[in-house]
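Asks: Protein sequences appear in the order of chains G and S. Heads up: the first sequence begins at 1 in the numbering used here, then just goes up one per residue. Heads up: the second sequence begins at 1001 in the numbering used here, then just goes up one per residue.
Do not rely on the hints blindly, as some may be mistaken.
What the hints assert, rightly or not - Derived, one-sided and incomplete: chain G residues facing chain S with beta-carbon distance under 8 Å:
1. P8
2. K42
3. G43
4. P44
5. E45
6. L46
7. Y49
8. L88
9. K100
10. L101
11. F103
12. G106
The hints are simulated quantities; they were obtained by calculation from the structure and are not laboratory data. Predicted, not measured: the structure shown is a model, and the values here were computed from it. All C-beta atoms in this analysis are idealised placements derived from N, C-alpha and C, irrespective of residue type, glycine included.
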Amino acid sequence: QKEVEQDPGPLSVPEGAIVSLNCTYSNSAFQYFMWYRQYSRKGPELLMYTYSSGNKEDGRFTAQVDKSSKYISLFIRDSQPSDSATYLCAMSPANFGNEKLTFGTGTRLTIIP
Amino acid sequence: NAGVTQTPKFQVLKTGQSMTLQCAQDMNHNSMYWYRQDPGMGLRLIYYSASEGTTDKGEVPNGYNVSRLNKREFSLRLESAAPSQTSVYFCASSWTSGRVETQYFGPGTRLLVL
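Extracted from the complex, chain G is given alone in its bound form (with noise of 0.2 Å):
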């Protein structure tokens, strides 16, 4: 079993849907956890962290972590073109530069004008 999971897709949505991405975890230890977005032949790129549990909201754009149900979600509103992109949810027990990153496969995300 893989300490990440991901839903690869693909997930297509209209344009202005909410989209929720997810991740599942089993290593307890993990404590920050983080979204990345890439374009098509790009390098990922960082979108988001949250540290332990909780929400936290940055415009469209809101993640979620339930350590309880080792759990995390990155929820986007009103869901634009630009935003058809792979997520790529990641995490680690600390982050003091040795603890390095776990990565899910990514999440392809299409969304339709």
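Fit chain S to the given chain G structure using the hints.
Replies: Same frame as chain G, but now just chain S:
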């Protein structure tokens, strides 16, 4: 400020050939990484360097070697390429602010081994 740059962008090799993938960053970051990305496997860490002069193995180091030439440059070498090394390779560098480490990725090198 170019961020993380990688060369070449695309390469075709025959089995047994060698090559070096180059990576450079101009953000004065201490840590640098090499990942490979394969369909259904996500990003897997090959090697990383926490600081100039140090390197450590990641999840999938077999068949690769690295050199941290200086603070800016971190190269990945395939001594004898195999078809299983066909992949997209990403270099990244990172900085830590408080408890948060942010990794910045290069555009990737697409490698095809025949």
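Asks: It remains to establish, for every hint, whether it holds in the given structure.
Replies: Hint-by-hint comparison with the structure:
Interface restraint check: P8 (chain G) against chain S, minimum CB-CB distance 7 Å, threshold 8 Å, status holds. At about 6 Å, the closest approach between the beta carbon of K42 (chain G) and any beta carbon in chain S falls short of 8 Å, and the interface hint on this residue holds. Using the Cβ-Cβ criterion of 8 Å, the hint placing G43 (chain G) at the interface with chain S is satisfied: the shortest such distance is roughly 3 Å. Among the interface hints, the one on P44 (chain G) holds; its C-beta lies about 5 Å from the nearest C-beta in chain S, closer than the 8 Å criterion.
Taking 8 Å as the C-beta cut-off, the interface hint given for E45 (chain G) holds, the closest approach to chain S being about 7 Å. Residue-level restraint check for L46 (chain G) holds (minimum Cβ-Cβ distance to chain S is 6 Å; threshold 8 Å). Because the beta carbon of Y49 (chain G) sits about 6 Å from the nearest beta carbon in chain S, less than 8 Å, this interface hint is met. Proximity of L88 (chain G) to chain S holds as hinted, the smallest CB-CB distance being about 7 Å (cut-off 8 Å).
At its closest, the beta carbon of K100 (chain G) sits 6 Å from a beta carbon of chain S; the interface hint therefore holds under the 8 Å criterion. About 7 Å separates the beta-carbon of L101 (chain G) from the nearest beta-carbon of chain S, less than 8 Å, and the hint is met. Against a cut-off of 8 Å between C-beta atoms, the interface hint on F103 (chain G) holds, since the closest Cβ of chain S lies about 4 Å away. Interface restraint check: G106 (chain G) against chain S, minimum CB-CB distance 6 Å, threshold 8 Å, status holds.
In this structure, none of the earlier numbered hints is contradicted; all agree with it.
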